[in-house]
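Those sequence lines, one after another, are chains A and B.
For reference, each letter of the first sequence is one residue, going 14 to 665 in the numbering used here.
For reference, each letter of the second sequence is one residue, going 14 to 665 in the numbering used here.
There may be inaccurate statements among the hints.
For chains that are exact copies, the list does not tell them apart, and a pair is met inside one copy or across any two.
As the list claims (entries may be wrong) - List of simulated lysine to aspartate or glutamate pairs, EDC-like, C-alpha gap at most 20 Å:
#, residue 1, residue 2
1, K454, D579
2, K65, D303
3, K356, D543
4, K45, D592
5, K388, E377
6, K45, E90
7, K454, D126
8, K357, E148
9, K431, D51
10, K429, D58
11, K528, D321
12, K65, E538
13, K120, E174
14, K139, D302
15, K75, E626
16, K357, E649
17, K429, E115
18, K528, E637
19, K528, D632
20, K401, E637
21, K401, D321
22, K528, E287
23, K128, D321
24, K401, D58
25, K119, D396
26, K661, E100
27, K401, D51
28, K128, E115
29, K357, D277
Because the hints were derived from the structure by calculation, they are not lab data.
There are 2 protein chains.
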Amino acid sequence: MIPKDYPRVIIEAVEPQIAAGHYPIKRVVGEKVVVSADVYKEGHDRLAVVLKARQLGANDWKVSPMTLSNNDRWHGEFTVDAIGAWEYTIEGYAERYLSWVEEVTKKNVPGADLKSELLEGLVILKTSAGLAPAEDCARINGLMVLMETALAAGEQQVALELGVGSVMAGIMASYPDRREGYQLTPALAVMVNRPITRFAAWYEFFPRSQSTVPGQHGTLQDSIRRLHEVRAMGFDVVYLPPIHPIGYSFRKGKNNNVVASPGDVGSPWAIGNEHGGHMALEPKLGNWDDWDQFVATCRELNLEIALDYVMNCSPDHPYVAAHPDWFFHRPDGSIKYAENPPKKYQDVYPLNFSTSDRAGLWQEMLTIFLFWIGKGVTTFRVDNPHTKPVPFWEWVIGQVHRQHPQVIFLAEAFTKPKMMRLLAKVGFAQSYTYFTWRNQKQDLTEYVSELTSGDMKEYFTGNFFANTPDILPPILQTGGRPAFIMRAVLAATLSSVYGIYSGYELCENAAIPGKEEYLDSEKYEIKVRDWHAPGNITGIITRINQIRRDSPALQTYNNVLFLTVDNPHIIAYAKMTEDRSDIILCVVNLDPVHRQHSILHLPLGTFGIGADETFQADDLLSGERYDWRGPTAYVEFNPYTKVAHIIKLRRR
Amino acid sequence: MIPKDYPRVIIEAVEPQIAAGHYPIKRVVGEKVVVSADVYKEGHDRLAVVLKARQLGANDWKVSPMTLSNNDRWHGEFTVDAIGAWEYTIEGYAERYLSWVEEVTKKNVPGADLKSELLEGLVILKTSAGLAPAEDCARINGLMVLMETALAAGEQQVALELGVGSVMAGIMASYPDRREGYQLTPALAVMVNRPITRFAAWYEFFPRSQSTVPGQHGTLQDSIRRLHEVRAMGFDVVYLPPIHPIGYSFRKGKNNNVVASPGDVGSPWAIGNEHGGHMALEPKLGNWDDWDQFVATCRELNLEIALDYVMNCSPDHPYVAAHPDWFFHRPDGSIKYAENPPKKYQDVYPLNFSTSDRAGLWQEMLTIFLFWIGKGVTTFRVDNPHTKPVPFWEWVIGQVHRQHPQVIFLAEAFTKPKMMRLLAKVGFAQSYTYFTWRNQKQDLTEYVSELTSGDMKEYFTGNFFANTPDILPPILQTGGRPAFIMRAVLAATLSSVYGIYSGYELCENAAIPGKEEYLDSEKYEIKVRDWHAPGNITGIITRINQIRRDSPALQTYNNVLFLTVDNPHIIAYAKMTEDRSDIILCVVNLDPVHRQHSILHLPLGTFGIGADETFQADDLLSGERYDWRGPTAYVEFNPYTKVAHIIKLRRR
């Protein structure tokens, strides 16, 4: 009935935490976790509060003091220096020695008899002496003998000064009696991953399109050659659509035709035929030796491989025969193909997560991940995770991370905002975003602010793709080359993680009329390209990636600061390092058709630049240099000659 | 490893809830709980969401549908119609029938073959038929036979229209298949108390001061006579400082003198002598028969009794001998008296909550509450709860409420904001506030807005005391009679729960120089007053209390709407009922010395009054009536003749 024990100190409103601590916050190695909490206690005791952090499973906490600001709010921070699961908690306790010092100091008015208080102090000192190792124990005891001697001689003031003096206080700081305390339980979680989780440029290509002979099916060997060019453009991650055998039944023809012609290669998302399923390679791409060479070349080039993880099966997938209960059966005995009316995917069977063999299905899905991790894949781009139960993702990502905490999951959840967020909370390190459709200044400002502030910045990293095989946004269809440059600059500088799908550098923008779909989409046919075609922006993409590598300010996700620009077609934002050693100013003309110019307002105080100071503005894109002074600057754009500035501000 | 089951629907961000559901929200009988939550699911199913509420321990839930606004946010409400603990939760499920209707409707394009879909629909209908009672089961089966007949005849369109038509949909709405669903667990808690918890006028008096003969110790019989006058003034609650035997050791003399003179009555907060402790009556006040008569008279007059609950003991309290381990012992063997340096309370021993006999101490503290509840006390004003462990309050209030959910606890926690809030969260129905020191327009506006919005409105009710035996605020010391009227109007109309300590109606304001303490404080001596002394504001207090009784708008706590007034010395706010049938406008001159006048801006749209409409403004304080029209009004105050308006707005 009466509780056996209770928290002696109240610890509330700890930040950061997600959904009352149900989900971990996320960091990359080397980042800080800045923690604050309300910590208080009944009565008038002085409190001490410490922050404790450790890798999950470690014995010892890294302990650091927290400091009180006001209104019972305490602050501290720690740095995560290894990948994997971490935990942190807060311990607060009544600091008996400091409380006593405060009390006797207040009571020490002329004529006060503090004998009783001094005796109380000796009890506290004795307790701490018992907690100290031999040397400090001896020092405390020695000082106590002096205090007792002074007391016996009637020299209360001397005894008191010994008790509260700097020597005693210095020793006592190390041996607090924490019995009247509480440690927040359970601890809060942090998931720590590699820096590439939050700073990377992605490049997506179809291996089967990498042949140099038009119409010929490309191979992994062709792709190996292509890797060098991808690296030369400055990308960090190569992302491959599915590379598995493709089904024959209801195979789609070119432009999503429901009838395939002979020679049509089908959609790589219709996985599985007699050569195998999710753990097999499409034979036309090559064999496992080719794959191993592909992986080895990526390693050499310091490129990571992201593989598409697609929970679809073609009607010819081995699972269909081996595990018919994993699919949706209709009353007429047929298996239900994927649909999102009016769209039909006759070449694809979705998996039934409500199957009675749930354990078997989930385990197999985990096996696929582990298989490809064994084959050198470090990142998975997960197709449509929002159509599968979220608890599955929480489980499967957790299972993978227990063995392979370095693995990165990207959620391709182009769905409603709360589902996008939840998938990030349960373990997806990165998420596709609505960036692809945000073109106006206000929309971009609001959306990027939403992503990089509040709760979301603790667990959600938006991977800003400028295009995908599924999405050729209207701005690229109509805006042409200036729009491609503009959107590349935005993607690469608004987020520290961004990507393009190959063909972007060629400004490919032929669409099926009235749709966001590519005409002659590579999803249904082989596309051999001339990478040096006129009008390509390969040089500009390469420059942008180099600027990102050279600028620490562009390598951090949450540091976007939007600036005031008078012209509504021009957006400007700064990114800077915490120490202001790197300040990058991006100014982009959002109008791909017309010239625009404006006054730009610079928050010089924020930049640490004096109001009367002349400073240098180096345009890293064009190589031009300006001398600026004062809180405004003039900018001017012509879509055909200059779309954006990426300016490094340098103090003289 | 693989979870046995998992929530099939995601339910998140439920509001209201306090600290992730750790503490109950609070309501009074008859109030609504308006609930909202994010509810969603993977995939494309149509969802149905219901709100479920019940008294704790009841078998059946009251179930009501929730409706979707946007961005996956669902809304519902329920009304609490009995006191005690309630719980509420949310259940969401994939609505298989509606999902099917949506799917077939989308697919029903010319030439579509929907046979398979219709067979799927029949499976869903059959499941629901199995959930329906005989009559509706038969109706569903009958319609299904018609569908099957139509199907057999090749009349797909007829079958479809039977399946999705209004008759079938009407029946199906009652028998959803909820298997693909989830009910939020654990449920969230509501603590429901009586309306007087949130609408009451309190009057505090010392029974020992109720004699009519100066210097003579008043009795409960004197107090019974006084009750009639308190009732006549319109108060609902009489609040009595401790009425227990008072210690002799270190008894305080008048004006807190450390040496008592013979005949000095001592502080009622120094509880206990040979006549008993917390469960005894001070013999000079009377015996238990007198107490019973006092209680009976309160019942007759519909007055509730609030008793001070004070966890102090005089050195002569029986506990000191019986339970020496409940007190703080110093190394020199003495018991530690209460101190808050430089203040000393030599006549009071605080209780040691860290005693090894914690169970004995806590149980005894509970026994005191139960004893007085047995003696007719329904409300406890708890002295300094912030100096005792919060988990004790959570436990003891929980124990009392299990047997006596109607009991009200008022926290006298004049302490830091977070502790004040926490005490409310753990069970205190009412809290003293900083209102007593908020005198400027901006301060009042900010503070009252903080109390009545956000989280706090769900669990915190501020009892606005204009004065207490401990606090004679500077504004009353210097502002005289106009300040007393002004502060009474503010207390009584800004909060629906307010109180005064007797003497307020006489505008008593003699203070110890430089302090907020009353000179010749009643805490240390008997004070016999002339209740008809010149300058009294008894009539005004009575009028204010009558206006509160007549105005439903003033009986709700959270409905303060601050208005714009050009003059910074004049504050204005409206309170209105949800249906706008009662609109009260309070306009108060915060300057007790100078005349002030201003333009007042009226949000006519909010009031439901037309821009061109002439409406009546009845000053309920003065009886004056004005015809107003348009969004502004002129107000003028003279501290000596008019301090405030309490205006009822009436449409013609």
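Violated constraints from the hint list, given by number and in increasing order: 2, 3, 7, 8, 11, 12, 14, 15, 16, 18, 19, 20, 22, 23, 25 and 26
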